[in-house]
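J.: Next come the chains, spelled out residue by residue.
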Amino acid sequence: MSRGHRARRRAAAVLLAPAYGLILALVLVPLASLLAYSLTPARVHGIGSLALAFDRYLRFFRDAPSRIVLVDSLTIPAVATLLCLAIGWPLAYALAKVHRRRGNALLVILMTPFFVSYLLIIYALMGLLQVGGPLQAAAATLGLVGGTQSLLYSRGAVTLALVYEYLPFMVLSIYGSLERIEDSVLEAGRGLGAGAGRLFGEILWPRSVPGVIAGCALVFIPATGSFVEPQILGGTRLSMLGEVINAQINQTFDLPRAATVSLVLTVCAVLGFALLALALDLSRRLARR
Amino acid sequence: MSTLGRFASRALVAGAVILTLLGTSASAQKPTLLIANWQGYGSDLPWVVQAFESQCDCTVKQVDFSSEQQLLNMLHQGGVGRIDAALPNSTYIRYAIDDGLLQPIDVSKLANYHELIPGLTSLGALHQGGKVYGVPWLWGTVGIGYDPNSVKAPVTGYAALWDKQYAGKATFNDDPVIAVMTAALYLGEDPYHPDLAKVKQALLDQKRLDVTYWATTDDFTKLYTSKQVVVGNVWSGLATQIKANGYPIDYVTPKDVVTWVDNWVIVKNAPHPQLAYQWIDFMISQQFQDRYARDLKQQPPSPANQVVAQNLPADMQQTFQPGAVLETGISQATYNAWAQLWTEVKTTPVKPLR
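As you go down the protein sequences, you meet chains C and W in turn.
Start counting the first sequence at 33; every next residue gets the next number (my numbering).
Start counting the second sequence at 17; every next residue gets the next number (my numbering).
Bound-form chain W, shown alone (with noise of 0.2 Å):
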């Protein structure tokens, strides 16, 4: 286990799991297709993989990533050739296409892509050239969730997160973007084009306040149930899913919320194109979307499929704002200082409040 050999397997791991994944499927009879996701984010659950593989007569496997670098660096080492379908946030998808991961898709074979919120389909960041990358899967929002029964005043803006009373009983997302956006909304800053030597200022600021930052469902979850913190920024539907396992965390969206979308894509030479399409049709549709949506323990965001969303009871609906503060359109120049600042707070050594 040296230096070194640690690095080497955290980089190979991706790679080993695409390889350990061929491997099982050059046995199999059935074309296997193969996605990349998140781990526990809907595409592997076992109703869906029942109900695909029963419609396509095909198998299929997931390979997990835990962040949108992830799945870049997934794609860049190997993944495209081996990937069929693939899950990116509507701030990387615009790397994958530029960077040529991703292959043009044919709406026309999407049965059930009409149905889908126009609003997010017209997202720029899912379109180059009249063609289009993405199509848009689940949306949310970056909000606050917080313990009522320790945070008594109200909370309305990211400005909770800046609140010395919660010095050391509070978490922040590990996102170069969400980081960089959240802390310019805090400022009153334009959040696409912050001043950064605020922003950096205000994010060590905070990292004062944290116990630790959070990267994944789990990280939060765990944080958030143990009673180790009682605030932080989260996904909306990580909330929901925090609330429906019976633990007390309410949720609020600021007037300006980082709002960000997912989307499928159909990864460049994927072996399995005509699988990709039936699976991102199933993705979008009703019989999909409607049942996902409305199980709470599986930290549903909000349906992309504008029928499912509309049927949606009342207290479950979120409209989609056009003018919300999405995480897209920055370029990769702007990404890569953001990601550097990001990583500069995150490796800087702050005394904390407590």
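This is chain C alone, in the form it adopts within the complex (with noise of 0.2 Å):
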């Protein structure tokens, strides 16, 4: 029994090493030349002083535009991340519990934008957005803005972009755990007389969590590197740490500095994204209660 559990054993520690392995190769060898790099003094090969390096980091944060940008760099991919959430849980629930015999194939056509450049997108709301465009001709009709005030180059735009492309990611992860609720414990609560809000509140919420803190993820912090959503649709008036990386890496040559920012970058979205996660399993726990 022992030996066979042992032999069980290395037989998984063998099939999984070619994914450890990549995991080592793909995220933490990348994650230390970063850190190397931003350690790094500039343009000189070699390691540079741990005093240069810390250097690097707090001249980042003495710097204000640098700092506002950084809020910006979280709060913008925030509330897109929460549109996602307000939009894609009630769609997520009706594939997974209202349209359940075409939820597959209403699943494939949410799944379009998937397959559609994310460069595409962005000039299609460029269109529609930019004076004379739909969406700014029905607001400027509506009164919400002047006929020739476009709507482009606003944080409003920025933020549409990231809704638009990270919507997706948000539906699968919480239609996923939609779905496994079976049917039997909402007709249960039913016929116990909980209302739509009981339901919500004390089973459909509590178990889609581990959904919705997936769906987080994966909209929030891909969300915080955007660099190409507010260099075409924030134009002047907004600016996110993704283009000062691309700025320092394509136009400065400047890597330790874009390998500072980088990691500035990361920290900080894992730790938003840490705090929002906690949130929401914090409501979780206050709903099973």
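If you're looking for bench data, these hints aren't it; they were derived computationally from the structure.
Any given hint could turn out to be false.
[To be verified] If you only want the chain W side, here are some residues facing chain C, beta carbon under 8 Å, derived:
1. Gln244
2. Ser301
3. Thr350
4. Asn352
5. Lys362
6. Thr363
7. Thr364
8. Pro368
[Claimed, not checked] Pairwise CB distance ranges, derived in the manner of DEER restraints:
9. Lys259(W) <-> Gly164(C): 14 to 22 Å
10. Asn327(W) <-> Ser65(C): 55 to 63 Å
11. Pro47(W) <-> Val299(C): 27 to 35 Å
[Claimed, not checked] Far from chain C, some chain W residues (derived; all Cβ distances over 12 Å):
12. Pro47
13. Gly135
14. Ala175
15. Asp179
16. Pro210
17. Lys243
18. Ile265
19. Asp266
20. Lys284
21. Val323
Here a beta-carbon is modelled for each residue, glycine too, at the ideal position from N, C-alpha and C.
Assembly of the complex is requested from the two constituent chains, each provided in isolation within its own frame, with the hints serving as guidance.
T.: Structure (structure tokens):
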């Protein structure tokens, strides 16, 4: 018994080795090299001193514009994530529980933005939002904006693009957890007199939280690294750190500074996500009581 | 589409394009000349490609870049040994020479070289160690384009880009050298050695008037023709093109105007150097330059071929001023400082003036 167990563990270790190897090669090594780069004196090979490294990080946080851009890089994706959640949860519920028969077909339709390059999506949005575009024209007719006032080059345009691009991730994650809730549980709840609110608060929401957390990770973390969206749709009014990193790599060729900003962004994004996940988990625990 | 994935994919785009082209060219029997240029900038016109291909019995493929920096990146990251000829401007050619990305050009192999404007071929940036590295092709200015229906005050200099009445209706070219030089000329500073603190502040002030910066032909054309902007600094040829397409635009060159020259170069270890010579000779020939310069819808800048330039209609003639503020002659260290400054300006949030 124990020999069989050990053999199975050994087999598992062998079988998992390639996966761990991939994680090591594709996640840990790049992160370590980012760190090494951020500690490198500019345009000189070799690792710099720790004091120099701190200097580069300190300079980032001492610089007021950098701080504003950092805050925008976190708040714009956070708003986009919450919007994805607000739109995605009901959508996922509809797919998992209401239109179950056509659920798969609808899922495929929902996935179509996946197959479209995000650049195309951004340019399509530009067409909709620019002066004379359908969305701008509609907003102008309703008197929300002036006739020649573009909806482009704003926080809203960047947020809209992020929501559009990342919504499928959210829906898919929530769909997965909602689908696993047996109908009998919901029926039992209904039979015992629970209204829609209680079913949501005590069964649907708490049991969908793992999917919601996964969805938030898939939306929030990559969205913090956006650089094309703010560059094309944000105009001169706002910037995100992705643009800073891109400019440092492609325009200034300052790879150490790019690495520093990348690491700051990565750490802040993970911390921001952790806060969000804790809050969501807390809502699940409170609902269960 | 992780963050890292996106960056990696962006960085690999140039390489991927080259690999794709190699893949397609491997199956063709004729030799394939691979050139790097901006998209929609003369060399990819169907008649141009056809005319050259029938002359050389070869195939021409083009990889596009959308900024000078991107061209340098492309050459650094696998372009050397694959790309035959490329088109850096007179600022960036120096870095390509310094970084050993180019090979010297034997101008005696170019039958049309003697027809080029001497003021252009003698530019310092194109020479190093007594050797020629670049062949001037087209040149132009970065003046001010504006909508005469909206801009009523007379426009004479770069100050129009800082004029608060155009707040929310202006745009500015996204290039570190053009940005710093334009701001320096506006401030009355020496464009080669300006006070960078003043330049930075001026560029931040200017940014408050912009809806967005523009980098490519397409960017500016969209912004301008949809009336989102009424004034901006713009390449002379692009203003010509917009006008030729029926949109009202006036173009003004200030007395001291930022001027650029685009030059063909042969990349180090080019697989087809002879074809590259043939290509460059064709690009500077009267055959190409005359037809291209007269096709106003193709945003033609001014031709470097003197014979062609002299035969253009009077209203299209621009005289190259040897003393013009050329985007050239700045050292790598200066460029790095300017690029850093421009990156900071671009990513500093400002309060828009509306």
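J.: Decide, hint by hint, whether the structure agrees.
T.: Verification of the supplied hints:
A hinted interface residue such as Gln244(W) counts as satisfied when its beta carbon comes closer than 8 Å to some beta carbon of chain C; here the least separation is about 5 Å, so the hint holds. A distance limit of 8 Å between C-beta atoms decides the matter here; for Ser301(W) the minimum to chain C is near 34 Å, and the interface restraint is violated. About 13 Å separates the beta-carbon of Thr350(W) from the nearest beta-carbon of chain C, more than 8 Å, and the hint is not met. Using the Cβ-Cβ criterion of 8 Å, the hint placing Asn352(W) at the interface with chain C is satisfied: the shortest such distance is roughly 7 Å.
The closest approach between the C-beta of Lys362(W) and any C-beta of chain C is roughly 6 Å, which is under the 8 Å cut-off, so the hint is satisfied. A hinted interface residue such as Thr363(W) counts as satisfied when its beta carbon comes closer than 8 Å to some beta carbon of chain C; here the least separation is about 4 Å, so the hint holds. Residue-level restraint check for Thr364(W) holds (minimum Cβ-Cβ distance to chain C is 4 Å; threshold 8 Å). Because the closest C-beta pair between Pro368(W) and chain C is about 6 Å apart, less than 8 Å, the hint holds.
Between Lys259(W) and Gly164(C) the CB atoms are about 21 Å apart, so this pair conforms to the stated range of 14 to 22 Å. Separated by about 57 Å at the C-beta atoms, Asn327(W) and Ser65(C) satisfy the suggested range of 55 to 63 Å. Under the hint 27 to 35 Å, the C-beta atoms of Pro47(W) and Val299(C), about 51 Å apart, miss the expected range. Non-interface status of Pro47(W) relative to chain C is upheld: no Cβ of that chain comes within 12 Å, the nearest being about 32 Å off.
For Gly135(W), the non-interface assignment is confirmed: its Cβ lies about 30 Å from the closest Cβ of chain C, beyond the 12 Å cut-off. The Cβ of Ala175(W) lies farther than 12 Å from every Cβ of chain C, with a closest approach of about 19 Å, so its non-interface assignment holds. With a least beta-carbon separation of about 16 Å from chain C, Asp179(W) lies farther than 12 Å from that chain, consistent with its non-interface assignment. With a closest Cβ-Cβ approach of about 18 Å to chain C, Pro210(W) is found to remain outside the 12 Å limit, as its non-interface label requires.
Interface exclusion of Lys243(W) from chain C breaks down, the closest Cβ pair being 6 Å apart, not more than 12 Å. Listed as a non-interface residue, Ile265(W) keeps its Cβ farther than 12 Å from every Cβ of chain C; the least gap is roughly 17 Å. No beta-carbon of chain C is positioned within 12 Å of the beta-carbon of Asp266(W); the least distance is around 20 Å. Look at Lys284(W): its CB is around 19 Å from the nearest CB on chain C, clear of 12 Å, so calling it non-interface holds up.
The Cβ of Val323(W) sits about 38 Å from the closest Cβ of chain C, beyond the 12 Å cut-off, so the non-interface label holds.
Taken one by one, the earlier hints fail for this structure at numbers 2, 3, 11 and 17, listed in ascending order.
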